[in-house]
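Student: Chain residues, written in single-letter form:
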Amino acid sequence: MKVLVAEDDPHTRAGLEEILIEEGYQVIATADGRQAWQAFQDHSPDVVCLDIMMPHMDGYEVCRKIRRQTDEPAVLFITAKSEEIDAVLGLELGADDFIQKPFGVKEVLARIRAVTRRIYKKQSAANTKALPDSFTLADLKVVPSELRGFRGDQAIELSLRDLQILKFLHRNEGRALSRDSFFDECWGFDYLPNSRTLDQHISQLRKKIELDPKSPEIIKTVHGVGYRYG
Amino acid sequence: MKHRYLVVFLLLTLVPAGLIVWLGWRVSAEEQHRTRREFIAVIDESLQTHRQIIEDRLADRFTDLLQVVETARLADTAGRRELARTHPWVRQCFEIGPRGRIVFPSRSQLTEAEQNFLMRTATIWQERQPFRLVDEYGSRADSGWHTWYWSDGPHYILWLWHPATDHVYGIEVERMRLVSEVLAALPTEGQPHVSIPSEAQIQLRDPSGRVVYRWGRAAVEADASPITSIALNAPLTSWTLSYYTGRIITTRQFSSQTLINTLAILLGTLALLSGLAIYFYRSMTTQMRDAAQRVTFVNQVSHELKTPLTNIRMYAELLERSLDPDDERRRKHLDVIVGESQRLSRLIGNVLTFSKSKQGKLSIHPQTGCIDETICRLIEPFRQKVGADFSIEQQLDAQDDCQFDSDVLEQILTNLLSNVEKYAISGDYLSVSSSLSDGLCEIRVTDRGPGVPTSKQELIFQPFERLSDKLSEAAGTGIGLSIARSLARLHGGDLSYLATDSGSCFKLTLRVSP
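Line by line, the protein sequences give chains V and X. All residue numbers for the first sequence refer to our numbering, where the first residue is 1 and numbers rise by one. All residue numbers for the second sequence refer to our numbering, where the first residue is 231 and numbers rise by one.
Calculated from the structure, these hints are not laboratory results. Using N, Cα and C, we set each Cβ at its ideal position, and we do this for glycine too. Careful, some of the hints might be misleading.
Unchecked claim - Interface residues of chain V toward chain X, partial, derived using beta-carbon atoms under 8 angstroms:
(1) HIS11
(2) GLU18
(3) PRO102
Let the hints inform the model, and build the full structure from the sequences given.
Tutor: In structure tokens:
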């Protein structure tokens, strides 16, 4: 899933990019409205995160141009001006949500995930795209379209990255999978691997889905190789 | 806002202006009325003066003519006929016996003149007592004038009662002689007269309304109405003296002069009021603009602070995510950065909320949620901050989902908890209770700190009011409770301070819907 981020502050932009990549999204980052509009036309992103005050073209204008062309992508405004965003929503420019500065990582992720679920739901209703099927890993039922896993009645929030890892493990049940194969499959070929990235992610994922993260049942460690399911 | 000041401006100018117009109109009308009254009084006086002149002259003649009547009484028939023929004032003599019987002229030997006299006076003799009428006090007159009308106008008789014989003697006065006598007493026609203005005219009119005499320079049209008129006394009853004016003294002129004066006063006052109103309006708008600029500046600064604050918080959290779970020391350091950035966010949030409340822009956006969940979400970081020695009691009974603005509740509770942290940390105790019934949520936040003195329990909700401004006291902006109460009231509830034995207790109510 592609996310276009348009934010003129370089640090905020880079931080958002990092959060979203880590979450499993493909990110296109731009520094002003004109670049954002160009990137939108070039990449057709699923989600657009727009800062309101940007050089060359403000976020409202970018949103208007996008909505004139299509209703497809979800649009989120990122703003420090709370009263302006009220006006935006009031004017029904077509924004799906807004993230108000100063925001925390958890808030950004919660809103992006909510938007992603809505996109899946919309696609399901319109039947426009083949949605990922649900699958089971041990006693965990994973429903990718909801970005959730279920153990009995207990719902577990999952990121896109989590889903990619679990899907990769599910497809290769019983096989020991190398670290590089995880990076290639779940992060993409152009990702520069950091040995700690995968381990940390697996560690956090285990905390979410394993009954006892210290004795994992779903994601088992294969010493010297990588990880294995089953 | 501007419309309100425009209305005030218009009220400040138009209402007094309207009052002045009304008062001016009243004064003008009163002035006209008064001036006219005075003018008519002056004219009346002038007319009465002239009437007096006429009466004085006639009074003199009355005395003279009574002598003539006396002469006629003593004269025989021939003497009386001679008197009528030769005396310029006497047209005819007569004598009437008791019960109205005509003694002279005797019907047995009448001259032509006497026959005419009897014919002219026929209506008089029909009366039993034509002359000796009783006045209103019961007295009977013994001499006087008698006027009657015959054919070409009024005729005049002067009579005298003789008590010894109970006969009435009299003469018919030559009418033209009488009129000439009157005219001789009046000022010369066409000449200015001291007693009337040069542009006025007085007319003497006979009983038929014909102008007999006029004086004064004014040109008066034939159909003009007099300013005022008075009737003459006997024998010229039904004669009138009328006062006319030319162009100078008219009601319209009085009216326009007064109107011009009133308008001048009105315009002057209106200009003064407008000047004052503009001055105050400008002064007020300048103050408002300055205040708005200050608020806007704080608003702008607060917004500008948000982006660097976002970066501090976001990167601290990113760093925290990549931290080794066992690296407790660094995690603590990052917790401080995240915690302080959140505190700064709250402060900025308070400033912006305060700014919004001053601009009347605060609004609530209720959504379905659980009040207790919001409370727990806030208590947890507070618990971590204050440490294990600090006792926190929770009696939460608002688990049912309802419609409320969680951001508003969060901001109110954050302010209350922040106050506990700043001022009541020494009490080592916090109790938070919640309940939900009949669409009203009640939350109580109680501590065992120093509490608030009774005299200041309401004052603490005023903006910028702090219990102490000492440097040694905990820092604060002094707007937290004011904002919290504003938000609570916006949410259909209230925030109040409840007196307790020790510490403070804040009672928060919010109107919620299922």
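Student: Can you give the numbers of the hints that this structure goes against, from lowest to highest?
Tutor: none
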